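**Q** As they're listed, the protein sequences go chains L and P.
Per this note's numbering, the very first residue in the first sequence carries number 1; after that it's consecutive.
Per this note's numbering, the very first residue in the second sequence carries number 1001; after that it's consecutive.
Since the hints were derived computationally from the structure, they do not count as laboratory data.
Keep in mind that this is a model prediction, so the values were computed, not measured.
Hints may contain errors.
[Said to hold, decoys possible] Covered stretches of chain L, as calculated for chain P (at least 3 residues, CB under 8 Å):
#, region
1, 80–87
2, 141–151
3, 159–171
4, 175–183
5, 224–237
6, 245–258
[To be verified] To give an idea of the chain L side of the interface with chain P (calculated C-beta under 8 Å), a few residues:
#, residue
7, 130
8, 210
9, 286
Every residue gets a Cβ at the ideal spot worked out from N, C-alpha and C, and that includes glycine.
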Amino acid sequence: MAAPPTDATGPPRLVSIRRQLATRPARPISDDGLDWAFGNLKTGRLRPTGKGVSLPMNTRRDVDAETVDAAGEPTPERRRIPSWSFAVTAVVLGFIWPGGRRVLADMTIELVMIGLLYVAVTRTPAFKDWLAVMPRSARRCGKVVIGAMVFVQLFSISTAAFPLTQWAMYSQKPADLVVSYDLVGYTASGDEVDFVPSLTNRTMSTELATFTVRTLAEQLVLARLDPSEPEHLDETEEELEQVIELLAELHSKRSPDSVVVEVVILRSTFDSEQRRTGDGVTETFWRQQVGLS
Amino acid sequence: MIHDTTTSRGAGFVRSWIFSIWVLYVAGNMTHAMAVFPRSQFQPVGLLRILPDSFYDVLLTSAGLRTLDLVLIAGLAACALGVRPWRLVAIPTVLLLTLQQGIPRGLFDYMNHNELSALYATYVFAMFPATGFSVFGSARTKAESSADDVTSRFLMVLATSVFVVPYSLIALRRLGWSDWSIWSSDLLPSYIAQYSFGDSWYGVGAVGQTVLGSPWILRALTISFPIVTVLELLAPLCLLHRRFRYVWVVVVAGFHISTLLLMDIFFWQSLMLLPVLLLDGDVMLRWFDKLTNRRDKHDSLHGHASVEPNAALR
């Protein structure tokens, strides 16, 4: 194999350590070297791998550094962005963006708590001992996974990072007036059917579809209150109609003995007193003939 | 430290457990019926965006989704049985599982959290070597070495970490981003009412409605809410402290059951993973062995003396 490219006059170039090792002539291992290797295998300082032995992280770094020096190549200079610059950027952005201060404050609180938890776990002797014997690649893998989860959480990324997501539950106070929706299906003979939570339809897809119906219904309520954008009202109605039609089709396919021809959405509202008694105010919010097309 | 006495066979048992859960889940959540929804309604979410539109044009048909379901069930069943070559089977299978999980989320643009913790733990099991446990075959004796055990312990701790970290993130969000009003006595009744009235997914809406009429239970729930939040926040400490871990498991299991009864929300996959990921050593495996009269075999293997060093990174 050809020697790695070097340029005596130019700046130091990154040269793969693996390539350097590949170009160096093999040297016989001395008895001292063998003794050293067996001694370290016994103590666990060296670990067997599929291709030979691996060194614990710190040791390996030292050996790599020595190898580079021994090869006579200039040690590559690593340009690092100072870590404080990220904090400064975050603070500047937080103050420039509207509402950024609040976001910055919340994010800082969350980040500080994450940091405290991280320190609490990783600084314990038991954890350190456990980590010390783990393969380097596995440690990196663990850091990447946990780091990605925290990143997505901090920046409130929901569907965009699937399969990772933001975790937030019971972290917002719901509105004082509780609203619930009932999807009721009717067959041609007028029988009421358990439209949504029938056993055959209890799948995640159906669950999400019914969630979508509720969301659209809520959007429709808001759109009806705001007559300034009639096209938004039309769009929402059309979308709701479409989802209900598809849900009804799905139900009828899975439960052919109770084909639904009409779907009614009942909307109930409960204030704090009505919640206690269960006597909310119920209205027929939506009525739609289905299966006509 | 958690799992410091877990054997490779114990980790293998957990692997079989998780993939078996997924077999049941996918069999009960076949996606082919989703073909009735128009293609235009589907927007790929997250990493699924890297796949081309033409792929989804083919996939989101009845035949395409049925094929996905069947291949996935076969792959998951193979993983539950620990077939080899492990990664060649397991990694494509978990990628297909991710795809299957992404379809309803992409159709309705809603991120359901129920399955995600289990999905993360499954990724970990797919990435690591499959070590000795087979439900139907005999246990591996030759390859079950101390090196395998080291890998298995790391695997188990990492799987447990990705499982418990979301609990901590939930609490962090509650503490970091919310104002004090969420700690008021009105929060939980509002949520209970929101999910108890109207459509009830698991048919338990009546329980929530009864609780709403009981001020004493509501008061107890209001008091327990910050306690549960603190325990959720400290979830990573489960990795370190045994007593805390047992308290945590009991509280979190109770929390999941209470959300089922009061709010019609059930994270059953998480509940199924709590015992296998958070009980020390090979407790579940021992129970399984007891059930299948394999106890003697487990005891004899637990003391494994043979060392096969290169198995660690096989």
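**Q** Confirm or reject each hint.
**A** Against the structure, the hints come out as follows:
{"no.": "1", "hint": "80–87", "in the structure": "violated (count 0)"}
{"no.": "2", "hint": "141–151", "in the structure": "holds (count 6)"}
{"no.": "3", "hint": "159–171", "in the structure": "holds (count 13)"}
{"no.": "4", "hint": "175–183", "in the structure": "holds (count 8)"}
{"no.": "5", "hint": "224–237", "in the structure": "violated (count 0)"}
{"no.": "6", "hint": "245–258", "in the structure": "holds (count 5)"}
{"no.": "7", "hint": "130", "in the structure": "holds, 5 Å"}
{"no.": "8", "hint": "210", "in the structure": "holds, 6 Å"}
{"no.": "9", "hint": "286", "in the structure": "violated, 13 Å"}
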